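Peer 1: Protein chains in written order, with our numbering: chain A, 1039 to 1271; chain B, 1039 to 1271.
Wrong hints could be hidden among the right ones.
Put simply, identical chains are the same to the list, so a pair is met inside one copy or across any two.
Each computed DSBU-like pair below joins lysine-lysine, with the alpha-carbon atoms no more than 30 Å apart [said to hold, decoys possible]:
#: 1; residue 1: 1071; residue 2: 1175
#: 2; residue 1: 1258; residue 2: 1154
#: 3; residue 1: 1258; residue 2: 1268
#: 4; residue 1: 1258; residue 2: 1175
Just so you know, the hints here were simulated from the structure itself, not pulled from any lab data.
Predicted model only: the values in this text are computed from it and were never measured.
There are 2 protein chains.
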Amino acid sequence: MTDIRALTFDVFGTVVDWRTGVAREAAAVLGPKGQALDWLAFADRWRAQYAPAMERVSRGQRPFVILDEMHWENLLELLRQERIEGLSDAEIEDLTHAWHRLDPWPDVVDGLTRLKRRFVLATLSNGNIALMVNMAKRAGLPWDVILGAEVARAYKPTPLAYDFAASALQLAPAQCLMVAAHPADLRAAAERGFRTAYVHRPHEFGAAEMPWPTDGFDYKVGNFLELADKLGA
Amino acid sequence: MTDIRALTFDVFGTVVDWRTGVAREAAAVLGPKGQALDWLAFADRWRAQYAPAMERVSRGQRPFVILDEMHWENLLELLRQERIEGLSDAEIEDLTHAWHRLDPWPDVVDGLTRLKRRFVLATLSNGNIALMVNMAKRAGLPWDVILGAEVARAYKPTPLAYDFAASALQLAPAQCLMVAAHPADLRAAAERGFRTAYVHRPHEFGAAEMPWPTDGFDYKVGNFLELADKLGA
């Protein structure tokens, strides 16, 4: 494990708490418009459209579009379902950018700051470049480089998303450690030769505690500080 | 000028002193092999092949390749011209990566650190992603995002190189300030709607002092600290 040079990070759920952040932002935009929804459920329903929308791109059913574009389309559909009307284009765009304004889990900034001293820290998220940049500026995430879907023109878990990241860094896949709270992402990275670190985020989807996966990942940790400990950073 | 959101930087010559850096690295690799060249002249000759090589890509005479690949090809040609033989593939690759190991001008790290508090700092260099990442890690350059040729699949000064950067940041071109020591780069950026900041690096090409350009750029400064002063950062 001494040859790891770069850590590639999943972001939504692994680095930031998208659920409470999107709920907070939805309440801030829609509350003043007279809406009184279950904002966490609103966040969940918005998020639920994310995987099918990406799969349409990954299967070649539509050309590559950035995640902001899909978030916008999915929001329009969700607003229709919820019978929420009367938002201006600017308000809909502002709400779409809720995903740019998410808070990191409490261990993240300290953990990344330690890890950055020893490793290249790259995002390997399906989020687009501006989303990652705006989120990082707001939250103080010290990335060395923004990689991921918009740079690779490919969404995880397609092989190209991982291959492009290692290639752009001029590293062998085994020199890259994929860090994610989602076993499927880690399994897809492992198939491309990446090492894997599972980070347990038991409340990503709410109060009900998620179990630890049984997969044999290279590391399994409770947060980024534990990961820094294990990697000697 | 209050609406500037991102600063996009040329790197070779503007941020780092490529000439003395490449000369130092060439001496370190080739000196122990019994070579005793004028190392600064070696750096100049290597650099002189850079523009024509990029133009072959920009004119569509060959598919996009990253700058490291062109540096490697141009080095092979230069070694042939200089009748330098007996280098291993690993030594040639190591010397190719001289361009990853360049030092910033003395004002750069302090200037960028100030500018980063107020603006998104993006590379908009013809250097490839790994080159920019390795250089930044070694020199402590606090970029928010690596953009440029490899991300856009287009070399400056083609319009797409600039257009892609503004688009990836979801900014209007006029919200982007191109920072460069080279008037031609700034003029090309201005044609795409960018604002422009000329930074005077009079010794980029050696001891003979370069004159200040007569162009009417938005800013003309002697270093990054002056730029931070002018931008209120």
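Peer 1: Could you run down the list of hints and mark each one as holding or not?
Peer 2: Tested hints:
1. For a Cα distance limit of 30 Å, the shortest separation of residue 1071 from residue 1175 inside one copy, 29 Å, qualifies, whereas the shortest one across copies, 47 Å, does not.
2. When the C-alpha separation of residue 1258 and residue 1154 is checked against a cutoff of 30 Å, the pair qualifies only within one copy, where the shortest distance is 19 Å, while the shortest distance between copies is 34 Å.
3. Taking identical chains as interchangeable, the C-alpha atoms of residue 1258 and residue 1268 lie at most 30 Å apart only when both belong to the same chain, with a minimum of 10 Å there against 48 Å between chains.
4. For the identical chains of this complex, residue 1258 and residue 1175 are neighbours both inside a copy (28 Å) and across copies (27 Å), given an alpha-carbon limit of 30 Å.
Going down the numbered hints, you'll see the structure goes against none, and every one checks out.
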